[in-house]
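J.: Please put together the full structure from these sequences, using the hints given.
If you want the building blocks of each chain, they are given just below.
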Amino acid sequence: MAINKIVSTMDEAVAGMHDGAMIHVGGFGTIASAPSCLLEAVSELNIKDLTVVSNSGGFGKEIWGEHDVAVLHQTGKIKKHIVSAPTNPLIVNELETRFRAREIEVELVPQGTMAERIRAARVGLGGILTPVGIGTVIEEGKEVKEINGVKYLLELPLMADFSLIRGAKADRWGNLVYNGTSRTFNATMAGAAKVTIAEVDEVVELGDLDPEEIITPGVYVDRIVLRSAPKAKDNYEEVAQRAADKKEKEEA
Amino acid sequence: MNDKFSDKFRLDDQTMALRVAKELEDGMVVNLGIGTPCLAANLIPTDKEVLFHAENGCLGFGQICTAGEGSPDIVNAGGQPVEPKPGMCFLEHCDSFAIVRRGLLDYTVLGGLQVSEKGDLANWMVPKKEIGTIGGAMDLALCAKNTIVLMTHNTKDNQFKIVKECSYPLTGERCVNMVITDIAVMVITEDGIVLKETAPGWTAEEIQELTEPTLIIDPDLHDIELV
Numbered sequence: 001m002a003i004n005k006i007v008s009t010m011d012e013a014v015a016g017m018h019d020g021a022m023i024h025v026g027g028f029g030t031i032a033s034a035p036s037c038l039l040e041a042v043s044e045l046n047i048k049d050l051t052v053v054s055n056s057g058g059f060g061k062e063i064w065g066e067h068d069v070a071v072l073h074q075t076g077k078i079k080k081h082i083v084s085a086p087t088n089p090l091i092v093n094e095l096e097t098r099f100r101a102r103e104i105e106v107e108l109v110p111q112g113t114m115a116e117r118i119r120a121a122r123v124g125l126g127g128i129l130t131p132v133g134i135g136t137v138i139e140e141g142k143e144v145k146e147i148n149g150v151k152y153l154l155e156l157p158l159m160a161d162f163s164l165i166r167g168a169k170a171d172r173w174g175n176l177v178y179n180g181t182s183r184t185f186n187a188t189m190a191g192a193a194k195v196t197i198a199e200v201d202e203v204v205e206l207g208d209l210d211p212e213e214i215i216t217p218g219v220y221v222d223r224i225v226l227r228s229a230p231k232a233k234d235n236y237e238e239v240a241q242r243a244a245d246k247k248e249k250e251e252a
Numbered sequence: 001m002n003d004k005f006s007d008k009f010r011l012d013d014q015t016m017a018l019r020v021a022k023e024l025e026d027g028m029v030v031n032l033g034i035g036t037p038c039l040a041a042n043l044i045p046t047d048k049e050v051l052f053h054a055e056n057g058c059l060g061f062g063q064i065c066t067a068g069e070g071s072p073d074i075v076n077a078g079g080q081p082v083e084p085k086p087g088m089c090f091l092e093h094c095d096s097f098a099i100v101r102r103g104l105l106d107y108t109v110l111g112g113l114q115v116s117e118k119g120d121l122a123n124w125m126v127p128k129k130e131i132g133t134i135g136g137a138m139d140l141a142l143c144a145k146n147t148i149v150l151m152t153h154n155t156k157d158n159q160f161k162i163v164k165e166c167s168y169p170l171t172g173e174r175c176v177n178m179v180i181t182d183i184a185v186m187v188i189t190e191d192g193i194v195l196k197e198t199a200p201g202w203t204a205e206e207i208q209e210l211t212e213p214t215l216i217i218d219p220d221l222h223d224i225e226l227v
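Chains as they are written, first to last, in this note's numbering: chain A, 1 to 252; chain B, 1 to 227.
Honestly, the hints are just simulated from the structure, not real lab data.
Check before you lean on any hint, since a few could be wrong.
What the hints assert, rightly or not - Taking lysine-lysine pairs in the DSSO-like style, the calculated list, with each CA pair at most 27 Å apart, reads: (1) LYS247(A) x LYS156(B); (2) LYS151(A) x LYS118(B); (3) LYS61(A) x LYS79(A); (4) LYS79(A) x LYS129(B); (5) LYS5(A) x LYS169(A); (6) LYS85(B) x LYS169(A).
T.: What follows is the structure, encoded as C-alpha cells:
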C-alpha cells in the first residue's frame with residue numbers, strides 16, 4: 001500500500017496523546033514558526049501532567065492572535081517545562097506566573113545545549129559533551145568530563161513521545177521544507193520523538209519537492225496535517241504594541 | 001552611591017550601538033543580542049561586509065526592516081524582520097549553535113546585568129525574580145572569540161553593574177573582552193579593567209566613582225570615538 005502520512009483533521013493529528021506525555025513544541029518564539037493549530041488541538045484534549053520542551057515560554061493568543069505554547073500553560077496541561085527562554089522583557093507570561101505559584105517545574109537549558117540534546121535523541125546518541133554551562137548553575141548535578149584539558153558537561157538526550165512542528169510544504173511521504181528562519185527548532189525536533197506531527201501551509205504532490213531542497217527526510221515524520229487557519233500576519237510592531245498595552249494594563 | 005551625575009550627558013542606545021559597529025571589520029562573523037545590540041546591524045558602513053548571525057537560524061542578513069515591512073519568516077533573534085541579502089542562508093538550530101560553539105563568531109554583543117573585573121558575565125537573571133531567560137547567552141558568551149557587553153553603567157537605582165565579583169548567577173566565567181556603557185568604553189585584561197574612552201564631559205575620576213573595581217586608566221584615554 002502506498003505511503004500516506006497525511007491526515008485530514010487536527011483531531012486525527014493529535015490522536016493518542018496521553019497524561020504525562022513528553023512533547024517537543026517546535027519554533028523559536030515567533031508565531032510564524034509555531035505549530036499553532038496543533039497546539040490549539042492539544043489544548044482541547046482532556047490530558048494533563050505533560051512535560052513540554054520548547055525554546056520559549058510563549059506570549060499567548062491575546063498577543064499574537066494565534067496560539068503558541070502558552071496555551072498549554074493557560075489550560076493547565078503542563079507539569080514540567082524544559083526551556084531556554086521561559087520569560088521575556090515584554091510581558092509576564094503564564095509560565096512565569098505558574099512557576100512563581102509553584103504550580104509547575106522548570107528546567108532551564110542553554111539554547112545550543114537544548115538543540116544538541118534534542119538532536120542526540122533524533123540521531124541515536126547516548127548524550128553529548130559541551131563546554132557550555134561550566135561554572136554556572138547549569139553544571140549542578142551533572143557529570144564533568146575533562147578531555148585534552150577542557151572541561152565538558154555530559155548532557156543527556158531529550159527523546160519525546162510527540163514532536164509538534166511547523167513546516168511550509170510537505171508531501172505524502174512526510175518530506176518537509178520550511179520557511180526561512182521558521183526552520184529553527186522545527187527541523188531539530190523532527191524525528192526526536194516516537195511520533196512526529198507536522199502542520200504545514202501546503203501539501204504538494206510526491207516529486208514536487210526538489211531532492212536537493214528537502215530539509216527533513218520523511219522517515220523522521222509520522223503525520224502531516226494542513227493548517228486549519230490562514231498564516232498569521234505577525235506584524236512585529238503591532239505585536240510589540242499589544243504586549244506593551246497588556247503590560248500597562250496589568251501594572252495599572 | 002548617589003545620583004549626583006544625573007544631569008550629565010550619557011550615550012543613548014543608538015550611539016552605543018554605533019560604537020559597537022566601529023569594532024566590526026570586513027569579513028567578520030558577528031552575533032548581535034536582542035535589543036540595543038541588534039541596532040548595530042543598521043549602523044555598519046555599506047563598504048563593510050560583515051556576516052551577521054542570528055541564533056534562531058540566519059547567517060548573512062542585512063538591516064532591520066523599517067516598521068511594517070519585511071517577512072515574519074526572515075527575522076533576527078528578537079523577532080524583528082530583517083532585510084535578506086545575497087549570500088544569506090538559513091540554519092536549523094543545531095547548525096546555528098554549531099557555528100557558535102565551533103568558535104566561528106568573531107564577536108558577540110550581549111546585554112549585561114553585572115560584569116566582574118575578571119570578565120565574568122551575569123546577564124540572565126535578577127535573583128529576586130526567581131526565573132530568567134538564558135536563551136543563547138551562555139553559548140555565545142563562552143564560545144565567541146570576543147564578547148562585548150553593551151549596558152548602562154549603573155542600575156536605575158544607581159547600583160554598580162561593573163563589580164569585583166558578580167552576585168547574580170553567571171552566564172559565563174572570564175568571557176567578556178570589552179564593555180561599552182552609556183559613559184565609558186573599557187577592555188578587560190589579565191591585570192584588570194582598562195578605561196579607554198569616556199563619554200564627552202566625563203572624567204576618569206567620575207567614572208571610577210560609578211565603578212566598583214579600581215580601573216586602570218589608559219595613558220591614551222580620550223573621548224569616545226564613533227567612526
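J.: A separate judgement is required for each hint: does it hold in the structure or not?
T.: Comparing the hints with the structure gives:
The suggested pairing of LYS247(A) with LYS156(B) holds, with an alpha-carbon distance near 19 Å, which does not exceed 27 Å. For a cut-off of 27 Å, the pair hint linking LYS151(A) to LYS118(B) stands: about 19 Å separates their Cα positions. A distance of roughly 21 Å separates the Cα atoms of LYS61(A) and LYS79(A); the hinted pair therefore holds under the 27 Å criterion. About 20 Å separates the Cα atoms of LYS79(A) and LYS129(B), which keeps this hinted pair within 27 Å; it holds.
This hinted pair checks out: LYS5(A) and LYS169(A) have alpha carbons roughly 13 Å apart, not beyond 27 Å. For the hint linking LYS85(B) to LYS169(A), the alpha-carbon distance of about 23 Å falls within 27 Å, and the restraint holds.
Hint check: no violations occur; every hint is consistent with the structure.
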